[in-house]
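Participant: Sequence:
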Amino acid sequence: MNSADVIPLPIAVLICGCLLAGAFFALAGAVGLVRLKSFYQRVHAPTLGSSLGMGLILVSSILYFSLARGHPVLHEILIAVFLTLTTPISLMLIVRAALARDRFEGNPDVPPVETLD
416 MNSADVIPLP IAVLICGCLL AGAFFALAGA VGLVRLKSFY QRVHAPTLGS SLGMGLILVS
476 SILYFSLARG HPVLHEILIA VFLTLTTPIS LMLIVRAALA RDRFEGNPDV PPVETLD
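In the working numbering, the protein residues as written are 416 to 532.
Treat the hints as calculated values from the structure; they're not laboratory data.
Nothing here was measured: the structure is a model prediction, and the numbers come from that model.
All C-beta atoms, glycine included, are put in the ideal place defined by N, C-alpha and C.
Between beta-carbon pairs, the in silico distance windows are:
| hint | residue 1 | residue 2 | range |
| --- | --- | --- | --- |
| 1 | Ser453 | Ala483 | 40 to 48 Å |
| 2 | Val496 | Leu463 | 17 to 25 Å |
| 3 | His486 | Leu429 | 15 to 23 Å |
| 4 | Leu424 | Arg450 | 31 to 39 Å |
| 5 | Ile426 | Leu467 | 16 to 24 Å |
| 6 | Arg518 | Ala443 | 29 to 37 Å |
Make a model of the complete structure from these sequences and hints.
Facilitator: See below:
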């Protein structure tokens, strides 16, 4: 007997829908990384795609393994917490480093430093 046999059809469809939607958002982020023109545009697409895609894929994983094993499986929540915390932080650090480098080099496409008066 396969563990997938115990999952009801409506829940299996929900799991497949979450998995496919998560894969679509991750693919959209990857395509955005390749297709967008500037560095500052490129960093947003994979971050947004990975956040939503990761969430949907983890929901499908939690549903599948909880039903297949017969008890709640929640260790994927730790994965979601760590990725949710590290993805935006790494995005901000990378963009700030690029801004500092571009301002130091005098790149005209970089917005000026705003001062609080």
